[in-house]
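S.K.: Chains A and B, in that order, are what the protein sequence lines are.
At position 282 of the first sequence the residue is numbered 282 (the working numbering), and the sequence of numbers has no breaks.
At position 70 of the second sequence the residue is numbered 70 (the working numbering), and the sequence of numbers has no breaks.
Keep in mind the hints are simulated off the structure, nothing from the lab.
All values reported here derive from a predicted model rather than from experimental measurement.
Note that beta-carbon positions come from the ideal geometry of N, C-alpha and C, so glycine has one too.
One or more hints might be untrue.
Unchecked claim - Lysine-lysine pairs mimicking DSS-like chemistry, simulated, CA-CA at most 30 Å apart: (1) B/283 / B/371; (2) B/371 / A/198; (3) A/121 / B/336; (4) A/79 / B/371; (5) A/154 / B/602; (6) B/81 / B/283; (7) B/114 / A/198; (8) B/618 / B/81; (9) B/117 / A/154; (10) B/283 / A/15; (11) B/158 / B/169; (12) B/94 / B/81; (13) B/94 / B/524; (14) A/218 / B/283; (15) B/94 / B/114; (16) A/15 / B/380.
As the list claims (entries may be wrong) - Some, not all, of what chain B presents toward chain A, calculated at C-beta under 10 Å: (17) 43; (18) 68; (19) 70; (20) 74; (21) 94; (22) 97; (23) 112; (24) 119; (25) 161; (26) 166; (27) 170; (28) 172; (29) 369; (30) 373; (31) 485; (32) 539.
Said to hold, decoys possible - Away from chain A, derived, C-beta distances all over 12 Å, residues of chain B: (33) 10; (34) 194; (35) 313; (36) 463; (37) 504; (38) 625; (39) 629.
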Amino acid sequence: MGTEPKQATGKPGAKRQFRIWRGDETGGDLQDYTVEVNEGEVVLDVIHRLQATDAPDLACRWNCKAGKCGSCSMEINGKPRLSCMTRMSTFEDGETVTVTPLRTFPVIRDLVTDVSFNYEKARETPAFAPPADVAPGDYRMQQVDVERSQEFRKCIECFLCQNVCHVIRDHEENKQAFSGPRFFIRAAELDMHPLDAKTDRKEYAQAEMGLGFCNITKCCTEVCPEHITITDNAIIPMKERVVDRRYDPLVWLGSKIFRRGQVPQTSVTSGHSSGAGSTGAADSGVHSHSGGSHDTRAERQAQQGVNWHREVPHPTAPAVDANGKLPLTELTFDKAAAPSPFGDDVAFPLPPEHLNFAHPQQDEPKH
Amino acid sequence: MTETRIERHHYDVVVIGAGGAGLRAAIEARLAGKKTAIISKSLFGKAHTVMAEGGAAAAMGNVNARDNWQVHFRDTMRGGKFLNNFRMAELHAKESPQRIWELETYGALFDRTKDGKISQRNFGGHEYPRLAHVGDRTGLELIRTLQQKIVSLQQEDKREFGDYEARIKVFAETTITELLLDGERVAGAFGYYRESGEFILFEAPAVVLATGGVGRSYKVTSNSWEYTGDGHALALRAGATLINMEFLQFHPTGMVWPPSVKGILVTESVRGDGGVLKNSEGKRFMFDYVPDVFRKQYADNEAEADRWYKDPDNNRRPPELLPRDEVARAINSEVKAGRGTPAGGVYLDIASRLPAEEIRRRLPSMYHQFKELADVDITKEPMEVGPTCHYVMGGVEVDPDSGAAYGTVRGLFAAGEVSGGMHGSNRLGGNSLSDLLVFGKRAGGHAASYADQLTARPKVSVTAVEAAVETALAPLQRDTGESPYVLQQDLQAVMGELVGIIRREGELADALGKLAELRERVAKVSAAGGRRYNPGWHLALDLRNMLVVSECTAKAALERQESRGGHTREDFPGMDPKWRQVNLVCSLDGDAVRLAQKPLPKMRPELIQLFDRAELAKYLTDEELAEFDALTEEER
């Protein structure tokens, strides 16, 4: 840009070392670039300069360049960041800046990853349910009541929290059963929405979104560019209240007497909710670690031999009460007798896709 | 050419653009039972709508009960200097409140008043507090709400048909390069997946354009890379017309340096709270630029100006608070006279005017934005600012009620920034978000009923598709042409310097010459690399759209010999009532842009009577005023 001055404060544009991952799903490697960096620039500016000079086909997502759209997520020196919000001045002089694509999602090309996982999870999360008897224009809510949900609605869907969450970061196998922090705050937002007509958001998050997988390492909160306190304000309250309602003897007793229109008493690691059939959501992509499987395709596959792709149940911490103790009182427990040593969510017989046994003669005709 | 794989889809309505207008249109088409596709140039939910901060204007009367659609209509017409399509302004004022309330049923959470209603804030040009808002992220709330409504419709479809995408599907990171016609009727749209570079063909009888604006043709802009005028250009090539293309909204104080915040707006309240503009010599230059008509209201010395902040009743206002176009003109003149900052702006200094504490208290979001994005501490150093391209008032000429494009084409609809007429020569803050909703819904609904009443579906011709494939692949197959990045920079330089905020006849003529040269070079652009997520190739394809739209702007700006709203001619500084009676209409004749004058539709009596005669006298010709007087006479 001929007319554009390189500097406003007099310092000449310095040359900096960049290492950028180039490649696609078949593989790739870090490539070295020496590129001019001017004072006041962010990493995205430097990537744009590379596109305009040495690497015109360097793939990278971006839109607003103002930290508002959440498009330019990448990993900069190993840290998940928005590149438009990462100032070059935060690096040491002479420090090589390494830029790689988000690790949790499959690479499409260079710094662009396939984030469709997030859109699938968004689609599985039940939408806002408008109150039946309130006409448009008649919604009345107090500011203090909307503020709690508004915090979560600040989310710009950069998916850095999803990227950094260790439940799925290096565990592809957990993706099916785990929606991730972005959608926990969506569930929390709806749960706290003053007029949302659905009353089972927490139970749903626990039973169908894999909230139980989260063990509160707060990585998501740390990377959030919008500073949403994901763990403290969304995840923990969701977990606590699920546990409260589930194990508080009075709540439990009450729920037995006045049946609420909720998912029938879900246990922490799901299990029998798919069989209950009393909620509309029951048949839409329920992921259960066990329980009766009626998926004929899975059964057929399982019978053909060792099922290497089976979902291995993730170890889950036991559900504890407010005092951090296991609920041991049989009187207030919702099952007859003691908890199953195999876990409450495991029903027998085990579904065939969880079995790793193939009968040697299974393919021979039976008669 | 070897055989090219093209993925084919059949839809009833294809919506190009996934911002506020596009999503609202798609919702309406789907609610009408049509199979609907949404084409998004970026990921779903990243549209430029998220950048809107202020709010959505709707005369709900929640904060001031005297507000109603008539007052809103009046404000809109005034803001657009009476060049608005009155019917659009009327529909917009009448329907905005319903559109906002509807968002609440989709799950939106606006800030509230004490009695629990949607809170409304004051904004420039609006007589009463009118903007429904969510802090300073109203655009994000709007996009997210519409996005989530679409998801909820998909969930309904999943329950009914077992497939989320049975009736509405989002094609993310997909760019449309060509509309396909059957005679004069829209038959489909052709484009490519950005991720894979694979081609995709939509066969559809109705297309809604909702592609936003054209800001990327300017060097300093608040717009994102998507704003390359795709919809404007697609419409032109399909036989539709564009109006008001000479009107672009520039914000006088956008950041010009550091690069990390270039184009980002610095709110006017920085100047309202005491910020002053200085040139590179340290001179507070605005005193030299007070036009005679403003002498009574604006101070001519620093002492009086500074007293105004404390005692506005006995002192004249500081000249930094002149109307936007005056401030922009002054900055422009200083820079052109060589007294600008190295980055081509001027200094906006609040640091030396207020204690740091006070700045942080009064301008918290400004302070944080600059601290976080640019490491600029506005309590310690001056900002470097200059005019920023922000919004295009011009766009596809449409039927105000249905959003159907005029010109020869049928089955083409437009809504949002890509359509023209609603905002006249200048848009009021807050009117764009409600514009998206009102006209998005209308365009989607009318596209659906248009598709309904067709007896036979238009057919896509094989030759047209082959031609589109060839055009799309051409930049990749050339290796002798220039880089698309260089061409974009050159285009931006021409538009920024010659067709910018202040225009002159000579410069505009010069610009047209340079654009013609650029057209030759763009025709030979070459992109390195392959088809897979190749931004160089994508830009190469966008360039021809940017170019044709820039030509429209330059041509119309040269033709309109007056200054009005977003069009300032240094050689014709005043508003001319004769020019108010015409729209400049652009169409395509082969490759060339053709310009025609077209009379503005005449306002209905009950609408024009909402205004004072004294106000109308500023805008109307003597004959029009006589007509107005006759009308009032009749009433008596």
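S.K.: Each hint should be assessed against the structure and marked as holding or not.
M.R.: Okay, the hints, checked on the actual structure:
1. For the proposed pair residue 283 of chain B and residue 371 of chain B, the alpha carbon gap of about 26 Å is at most 30 Å, so the pair holds.
2. Distance check on the hinted pair: residue 371 of chain B and residue 198 of chain A sit about 41 Å apart at the alpha-carbon level, beyond 30 Å; violated.
3. The hinted pair formed by residue 121 of chain A and residue 336 of chain B fails the criterion: a straight-line CA distance of about 53 Å is larger than 30 Å.
4. At roughly 21 Å between alpha-carbon atoms, residue 79 of chain A and residue 371 of chain B fall within 30 Å of each other, so this suggested pair holds.
5. Between residue 154 of chain A and residue 602 of chain B the alpha-carbon distance is near 44 Å, which puts this suggested pair outside the 30 Å criterion.
6. For the suggested pair residue 81 of chain B and residue 283 of chain B, the alpha carbons sit about 33 Å apart, so the restraint of at most 30 Å is broken.
7. Proposed proximity of residue 114 of chain B and residue 198 of chain A is supported: the alpha carbons are some 26 Å apart, at most 30 Å.
8. Only pairs whose Cα atoms come within 30 Å are accepted, and residue 618 of chain B paired with residue 81 of chain B is accepted, the gap being roughly 9 Å.
9. For the proposed pair residue 117 of chain B and residue 154 of chain A, the alpha carbon gap of about 21 Å is at most 30 Å, so the pair holds.
10. Simply put, residue 283 of chain B and residue 15 of chain A have alpha-carbon atoms about 35 Å apart, too far for the 30 Å limit, and the pair is violated.
11. As the CA atoms of residue 158 of chain B and residue 169 of chain B are separated by approximately 12 Å, the hinted pair is consistent with the 30 Å bound.
12. Proposed proximity of residue 94 of chain B and residue 81 of chain B is supported: the alpha carbons are some 20 Å apart, at most 30 Å.
13. Between residue 94 of chain B and residue 524 of chain B the alpha-carbon distance is near 49 Å, which puts this suggested pair outside the 30 Å criterion.
14. As the CA atoms of residue 218 of chain A and residue 283 of chain B are separated by approximately 51 Å, the hinted pair breaks the 30 Å bound.
15. The suggested pairing of residue 94 of chain B with residue 114 of chain B holds, with an alpha-carbon distance near 25 Å, which does not exceed 30 Å.
16. About 28 Å separates the Cα atoms of residue 15 of chain A and residue 380 of chain B, which keeps this hinted pair within 30 Å; it holds.
17. The interface hint given for residue 43 of chain B holds, since its Cβ lies 7 Å from the closest Cβ of chain A, which is under the 10 Å cut-off.
18. Of the supplied interface hints, the one on residue 68 of chain B is violated, with its beta-carbon coming no nearer than about 15 Å to a beta-carbon of chain A, more than 10 Å.
19. This hint is violated: residue 70 of chain B has a C-beta 19 Å from the nearest C-beta of chain A, more than the 10 Å allowed.
20. Interface restraint check for residue 74 of chain B: the shortest CB-CB distance to chain A comes to about 23 Å, outside 10 Å, so the restraint is violated.
21. Interface restraint check for residue 94 of chain B: the shortest CB-CB distance to chain A comes to about 14 Å, outside 10 Å, so the restraint is violated.
22. For residue 97 of chain B, the suggested interface contact is upheld, since its CB lies about 7 Å from the closest CB of chain A, less than 10 Å.
23. Of the supplied interface hints, the one on residue 112 of chain B holds, with its beta-carbon coming within about 4 Å of a beta-carbon of chain A, less than 10 Å.
24. For the restraint placing residue 119 of chain B at the interface with chain A, the shortest Cβ-Cβ distance is roughly 8 Å, inside the 10 Å limit, so the hint holds.
25. Interface restraint check: residue 161 of chain B against chain A, minimum CB-CB distance 13 Å, threshold 10 Å, status violated.
26. Taken as an interface hint, residue 166 of chain B does not check out: its beta carbon lies about 13 Å from the nearest beta carbon of chain A, beyond 10 Å.
27. Nearest Cβ of chain A to the Cβ of residue 170 of chain B: about 8 Å, under the 10 Å cut. The hint holds.
28. A cut of 10 Å between beta carbons decides the hint on residue 172 of chain B: the least distance to chain A is about 8 Å, and the hint holds.
29. Interface hint status for residue 369 of chain B: upheld, as the beta-carbon distance to the closest one in chain A is roughly 8 Å, under 10 Å.
30. Annotation: interface hint on residue 373 of chain B holds; nearest CB of chain A at approximately 6 Å, less than 10 Å.
31. The closest approach between the C-beta of residue 485 of chain B and any C-beta of chain A is roughly 4 Å, which is under the 10 Å cut-off, so the hint is satisfied.
32. Given the 10 Å rule on beta carbons, the hint for residue 539 of chain B holds: about 9 Å separates it from the nearest Cβ of chain A.
33. Consistency note on residue 10 of chain B: stated as away from chain A, and its beta-carbon is indeed over 12 Å from all of that chain's, at 22 Å minimum.
34. With a least beta-carbon separation of about 9 Å from chain A, residue 194 of chain B fails to lie farther than 12 Å from that chain, contradicting its non-interface assignment.
35. Against the 12 Å criterion, residue 313 of chain B stays outside the reach of chain A, whose nearest CB is about 34 Å from its own CB.
36. No beta-carbon of chain A comes within 12 Å of the beta-carbon of residue 463 of chain B; the shortest separation is about 30 Å.
37. The claim that residue 504 of chain B lies off the interface holds: its Cβ sits roughly 18 Å from the closest Cβ of chain A, which is beyond the 12 Å cut-off.
38. Every C-beta of chain A lies more than 12 Å from that of residue 625 of chain B, the closest at about 40 Å, which supports listing it as non-interface.
39. The non-interface label for residue 629 of chain B is consistent with chain A: the shortest C-beta to C-beta separation is roughly 40 Å, beyond 12 Å.
In summary, the structure is inconsistent with hints 2, 3, 5, 6, 10, 13, 14, 18, 19, 20, 21, 25, 26, 34 from the numbered list given earlier, while agreeing with the others.
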